[in-house]
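*Asks:* If you read the sequences in order, they're chains P and F. Our numbering puts the first residue of the first sequence at 5, with every later residue one more than the last. Our numbering puts the first residue of the second sequence at 42, with every later residue one more than the last.
Everything labelled a hint here was simulated from the structure, so no lab data went into it. Think of the CB as a built atom: it goes at the ideal place given N, C-alpha and C, for glycine as much as any other residue. Worth double-checking, as some hints may not be accurate.
[Stated by the list, open to error] The following label-pair restraints were derived from C-beta to C-beta distances:
#1 43(P) x 179(F): 22 to 30 Å
#2 125(P) x 230(F): 34 to 42 Å
#3 42(F) x 167(P): 57 to 65 Å
#4 217(F) x 218(P): 44 to 52 Å
#5 160(P) x 114(F): 25 to 33 Å
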Amino acid sequence: MRPFHPQLILTALSKTLPYLWVTIAVMIATVVIGSLIGLLLTRANIRRRLIGRSIAQIYIYVTRCIPSIVLLFIVYYGLPELLLAFGININNASRAVFVITTFSILFSANMAEVFRSAYEAIDPGQREAALCAGLSEWQTFHRILLPQCTVIALPNFTNALVNLMKEGSLAYTIGLLDIMGKGQVMIGQNNGSFALETYLALAIVYWCMTLLIEKVFATLEKHLTRGQKILSDAP
Amino acid sequence: MLEINNVHKSFGKNQILKGVDLNVEKGDIIVILGPSGSGKTTLLRCINFLERAEEGTINFDEIHTSFKGASKQDISRIRKRTGFVFQNYNLFANKTALQNVTEGLIVGRKIPKDEAIRRGKQALDKVGLSDRYDYYPSQLSGGQQQRVGIARAIAAEPDVILFDEPTSALDPELVGEVLGVMKSLAKEGATMIVVTHEMGFAQDVANEVVFMDGGVIVEKGTPSELFSRPKDERTIQFLKRIIREDFDYSI
Ligand SMILES: Nc1ncnc2c1ncn2[C@@H]1O[C@H](COP(=O)(O)OP(=O)(O)O)[C@@H](O)[C@H]1O
Ligand SMILES: [Mg+2]
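Construct the entire structure; sequences and hints are all you get.
*Replies:* What follows is the structure, given as structure tokens:
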């Protein structure tokens, strides 16, 4: 066991930070795709058409029960096979494709639940009142329900985002060179030495990112609720 | 002007409306009475298609359709000609009082913003809320919220306004302000269908009182006919109960 060298944390930081953008880019892509799928799932759930709803619920149930690392490997080995059956070869695709696919699937299931509970928190009477006031279903959704859902969903969304970031660190297991991947490579090159310093550097980065995410979304929430209380106290 | 015939509506196996007819002329104030669960709310909701009745027809001026066969366009036209005032107000929590009123005008009816705001303020003035334009629902009392609800329903000058127990969620001391607004609307010639237990209101402003029980209209007539000379035993029992409650209440 080598002695602990705190200054090597800085070295590790400077070497891994250039790869932070990969982590962030993968996260953004996952959040966008995952949220869109989550919206579709929520819609299928809310509309109560039997087939759509069953598919959505099975999807949510199945994906919520798979550990992310298991799904990551299933996608990594399975997706190329599956696409090959349709004549598409993605064996040379970037690792990021598999990571984004995996975490989009997981994130969408989480979002479906977050969105659904936000939607259900709003009294259906508001929807009816909007329809009575002459709004179409779509206008009702995006003028009345969506802004309120957004505010209600924001804290849970933030949590899911932080979790996604943390679970995303597993992507190194299939060889994605993000900040975690770079850290692993460095440790490997040093034959396992300075591992503690490197992991501490990574912990600091993830800690700062979490802080940043929470700060940004708390500000956003404040901004969106200026002057109004969404869940008004019952009269 | 508005005529509905033979409305049937079930929820699952429960038949709630069993053939209801109603005929509304311009300027009519029709009060619907009836015990809880008799289908009053469901009837109002069927009229503007918040519920889809499985049988019956509706004639609204030049719109003639069965409830079942009504097209999206029919529904949209009927909704734009009716205002609805809910028991729980159902105000848009993310909008101010004024925005609650103008939303349907600007977004639903494509009225230019300036004009919509002018009409929105006019409607709020009419219900006595000139000093509350920019308040959010959570900042208003129940009575004020319900008056915003009424302003929202009248701002588009609908042909008929449907009221579903507009005062029953209110603290007793707030009931008067809402009934006052409704009375002044009635005086101005609005056409209204009002589900309520407020006998005084029915007595004062209704030109027809309808008594519903078990999903049918049991009896109807002018307030004096129905209140002084009810014919059906169910009406008599109901009126006795209500009047006794009113009496207990005033003690
Ligand atoms: N969406 C619904 N699903 C199932 N049953 C309903 C629904 N809405 C109303 N009902 C039932 O219909 C009956 C009549 O309700 P309602 O029209 O609200 O009566 P009222 O307004 O006269 O009190 C009640 O027994 C109620 O339980
Ligand atoms: Mg009712």
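*Asks:* For each hint, tell me whether it holds in the structure or not.
*Replies:* Hints, verified against the model:
Restraint check, residue 43(P) to residue 179(F): a C-beta distance of roughly 28 Å satisfies the suggested window 22 to 30 Å. Between residue 125(P) and residue 230(F) the beta carbon distance is about 41 Å. The supplied range of 34 to 42 Å therefore holds. About 58 Å separates the C-beta atoms of residue 42(F) and residue 167(P), a value consistent with the hinted range of 57 to 65 Å. Between residue 217(F) and residue 218(P) the CB atoms are about 49 Å apart, so this pair conforms to the stated range of 44 to 52 Å.
Restraint check, residue 160(P) to residue 114(F): a C-beta distance of roughly 39 Å breaks the suggested window 25 to 33 Å.
Violated hint for the displayed structure: number 5, the only one.
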